[in-house]
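Number of protein chains: 2
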Amino acid sequence: MYALILAGGVGTRLWPRSRRTRPKQLLDLLATRTMLQVTYDRIAPLFPPENIFVITGRAYVDEVRGQLPHLPAGQVVGEPMGRGTAPAIGLGVLQVRRRDPNAVLFSLHADHHILRDKDFRDTLQAAADVARDGFLVTLGIQPAHPETGYGYIEKGRALGHPGGHPAFRVARFTEKPNPETARQFVESGRYLWNSGIFAWQASTIMDEMARWMPALHQSLLDIEAACVDEAEETVLDRLWQTVPSESIDVGILERSDNVVVVPADVGWSDVGSWAALLNILPSDSDGNVSLGDHLAMDTRQTLVYSAGRMVATLGVEDLIIVDTDDVVLICPKDRAQDVKKLVDELARKKQDQYL
Amino acid sequence: MYALILAGGVGTRLWPRSRRTRPKQLLDLLATRTMLQVTYDRIAPLFPPENIFVITGRAYVDEVRGQLPHLPAGQVVGEPMGRGTAPAIGLGVLQVRRRDPNAVLFSLHADHHILRDKDFRDTLQAAADVARDGFLVTLGIQPAHPETGYGYIEKGRALGHPGGHPAFRVARFTEKPNPETARQFVESGRYLWNSGIFAWQASTIMDEMARWMPALHQSLLDIEAACVDEAEETVLDRLWQTVPSESIDVGILERSDNVVVVPADVGWSDVGSWAALLNILPSDSDGNVSLGDHLAMDTRQTLVYSAGRMVATLGVEDLIIVDTDDVVLICPKDRAQDVKKLVDELARKKQDQYL
Chain S
0 MYALILAGGV
10 GTRLWPRSRR
20 TRPKQLLDLL
30 ATRTMLQVTY
40 DRIAPLFPPE
50 NIFVITGRAY
60 VDEVRGQLPH
70 LPAGQVVGEP
80 MGRGTAPAIG
90 LGVLQVRRRD
100 PNAVLFSLHA
110 DHHILRDKDF
120 RDTLQAAADV
130 ARDGFLVTLG
140 IQPAHPETGY
150 GYIEKGRALG
160 HPGGHPAFRV
170 ARFTEKPNPE
180 TARQFVESGR
190 YLWNSGIFAW
200 QASTIMDEMA
210 RWMPALHQSL
220 LDIEAACVDE
230 AEETVLDRLW
240 QTVPSESIDV
250 GILERSDNVV
260 VVPADVGWSD
270 VGSWAALLNI
280 LPSDSDGNVS
290 LGDHLAMDTR
300 QTLVYSAGRM
310 VATLGVEDLI
320 IVDTDDVVLI
330 CPKDRAQDVK
340 KLVDELARKK
350 QDQYL
Chain B
0 MYALILAGGV
10 GTRLWPRSRR
20 TRPKQLLDLL
30 ATRTMLQVTY
40 DRIAPLFPPE
50 NIFVITGRAY
60 VDEVRGQLPH
70 LPAGQVVGEP
80 MGRGTAPAIG
90 LGVLQVRRRD
100 PNAVLFSLHA
110 DHHILRDKDF
120 RDTLQAAADV
130 ARDGFLVTLG
140 IQPAHPETGY
150 GYIEKGRALG
160 HPGGHPAFRV
170 ARFTEKPNPE
180 TARQFVESGR
190 YLWNSGIFAW
200 QASTIMDEMA
210 RWMPALHQSL
220 LDIEAACVDE
230 AEETVLDRLW
240 QTVPSESIDV
250 GILERSDNVV
260 VVPADVGWSD
270 VGSWAALLNI
280 LPSDSDGNVS
290 LGDHLAMDTR
300 QTLVYSAGRM
310 VATLGVEDLI
320 IVDTDDVVLI
330 CPKDRAQDVK
340 KLVDELARKK
350 QDQYL
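Chains as they are written, first to last, in numbering that gives the first Met the number 0: chain S, 0 to 354; chain B, 0 to 354.
Isolated chain S (complex conformation) (with noise of 0.2 Å):
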């Protein structure tokens, strides 16, 4: 088995303690580890090093070879820009195949987290189980309330309990629901988060490359072929800007009939903006999330993020805090998700110190 760790985020939504130079799975948000390593020790138990891979962002290698010292630095490819988790994972697939095609590849971000890593990695194991009988596996995870910005997947034919687990056939995908369609989803009980944690064989994945995105799976192959003779820095320099764009959710995954979901019950979260830290931190008997010094009066379900100053609230509820050393950011916490728009602001505005 081999695992693809996704860190080429820049995680915008936890502005301003993410940032261009440092984005989110580089830092050690909920731990005294950084979420990237936090992610490696996790899976280390079921991958010796040689079998794991992390794509990142060619400004964060030398980062991450430094966090990762026990992993080959060959092991760590920086792509020259992002183009969404389709070619990033077909880049995994082509180191795979090339030792075992019959191999289970797993692909995992950098900036989950869970919860609960034992049931995690017996998840794991349970999802290469049917992995290795040609299907397409993604984790689906309980839905804990009608969140609108994930995708959900509604559980077809159960497919028996290969290794004691269930999984279930993939009726359908559907994208960011609104509130009335989360709503439903949630109460029906027939429906899944996308962890967007994957498990396929690497054979089964470049075969539906090759139906799905036909155009993709060229540009696999020609970067393969290029790597005969040249470094795969150069060949990436050269080639990556021609590879198409896209996720393998909407490239692949909603489009294929193979698609099998094993429900994971391990306490995951995407930690996909601010907001997420208040029901993933341990709280207050108010509700309230506190990392650094937090004087609250009056003061029920907020995050306080400090780097080092005392932060006072008085009178406050559902509020996010967030105190860096050059920024202060202030939101309610249902307007989380819209920080990124602050930084598209200060992007517009050139202030790239604060980025």
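In short, the hints are calculated from the structure, not lab data.
Any given hint could be a false lead.
To be verified - Sample of chain B residues with no beta-carbon within 10 Å of chain S, all distances over it, derived:
1. L70
2. L238
3. V288
Stated by the list, open to error - One-sided excerpt, in silico: chain B residues whose CB lies under 10 Å from chain S:
4. P15
5. T301
6. G307
7. R308
8. A311
9. T312
10. V321
11. T323
12. D325
13. I329
14. D337
15. L345
16. K348
No residue lacks a Cβ here, since even glycine has one placed at the ideal position from N, Cα and C.
Starting from the structure of chain S, add chain B where the hints point.
For chain B alone, coordinates are given in the frame of chain S:
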């Protein structure tokens, strides 16, 4: 004419900018000069430096002298401890009556904001005319809203127009009314806010003290007698703690039937809380007042006061945000008066570094 500037407050409700070691009146909160300096500049056209006294806390004497280099050092008096406005004014009265018992003495606060300086000086001249007839004069402010944090003055019989300025007998003082009463006061048109700015002859206020505050009167005579042989500082160290603590409002003005109010339309604010700055300072089209770098998105009626960091707000309304080197404060503007409670809590927890 003499002026006594009361500069002994601690400005707790403007924490965390106002600190024990550097209270509100010694800060450049609203301008490039401090509130004390602005107060001095405002009255300087009416009083030569040798006719201006400043009463402040012992700890602030050097700072006050440094901020007001034109003022003879001996005219800055340091109280060993705060005893309320009546004893502080009493000290000023002692200074003035030695020189001219019939001189008019003004009492002003070092931490008030006044928009129209020239109108203010004209009003002081009018108040002096009334004071010379033996009245205790207080300046009354036309209420702008049903503020519950101020004292209200009910106007009585008109006194005629000395110096072309209206003046009224005071029918009644009411301290900090409840919201419903405050609303009725404002609607009636018969009430003015008590500004705490007074004018009277030294002899008049000394006589009133003898009648209504005989213990204070005796203390002042004792201090005056002791100062013949000893330095004022030594005398105060010995006697000040025995002086009864009281405000001039409660001690005399609410009792005497000799009080006259002169309306003052001068753009007055006592800058009593951060919320006051939202009223005083120029706002943008969304009603925001931004001092420092403020990135505002969907933000209304919000005060941002920043010491250097950028403050980014998204989807907030009616909020006070104050960023200093070591503390960030966030509260709704209608809780601005309660900032004092945060300071009390820090004092209780002995977190003196933040006081």
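Right, here's what the structure says about each hint:
1. Every Cβ of chain S is farther than 10 Å from the Cβ of L70 of chain B; the closest lies at roughly 36 Å, confirming the non-interface assignment.
2. A cut-off of 10 Å between C-beta atoms confirms that L238 of chain B is not in contact with chain S; the least separation is 39 Å.
3. Every beta carbon of chain S lies more than 10 Å from that of V288 of chain B, the smallest distance being close to 15 Å; the non-interface claim holds.
4. Because the beta carbon of P15 of chain B sits about 7 Å from the nearest beta carbon in chain S, less than 10 Å, this interface hint is met.
5. Taking 10 Å as the C-beta cut-off, the interface hint given for T301 of chain B holds, the closest approach to chain S being about 9 Å.
6. Interface hint at G307 of chain B: satisfied, since its Cβ lies 8 Å from the closest Cβ of chain S, which is below the 10 Å cut-off.
7. Because the smallest distance between the Cβ of R308 of chain B and any Cβ of chain S comes to about 6 Å, under 10 Å, the interface hint for this residue holds.
8. Residue-level restraint check for A311 of chain B holds (minimum Cβ-Cβ distance to chain S is 5 Å; threshold 10 Å).
9. Here the hint on T312 of chain B is kept, as its CB sits about 5 Å from the closest CB of chain S, short of 10 Å.
10. Because the closest C-beta pair between V321 of chain B and chain S is about 9 Å apart, less than 10 Å, the hint holds.
11. Given hint, T323 of chain B at the interface with chain S, holds; its Cβ is 8 Å from that chain's nearest Cβ, closer than 10 Å.
12. Annotation: interface hint on D325 of chain B holds; nearest CB of chain S at approximately 6 Å, less than 10 Å.
13. Contact between I329 of chain B and chain S, as hinted, is supported at the beta carbon level, the nearest pair being about 5 Å apart and thus within 10 Å.
14. For D337 of chain B, the interface hint holds, since its Cβ comes within 10 Å of a Cβ in chain S; the closest pair sits about 6 Å apart.
15. Using the Cβ-Cβ criterion of 10 Å, the hint placing L345 of chain B at the interface with chain S is satisfied: the shortest such distance is roughly 7 Å.
16. For K348 of chain B, the suggested interface contact is upheld, since its CB lies about 9 Å from the closest CB of chain S, less than 10 Å.
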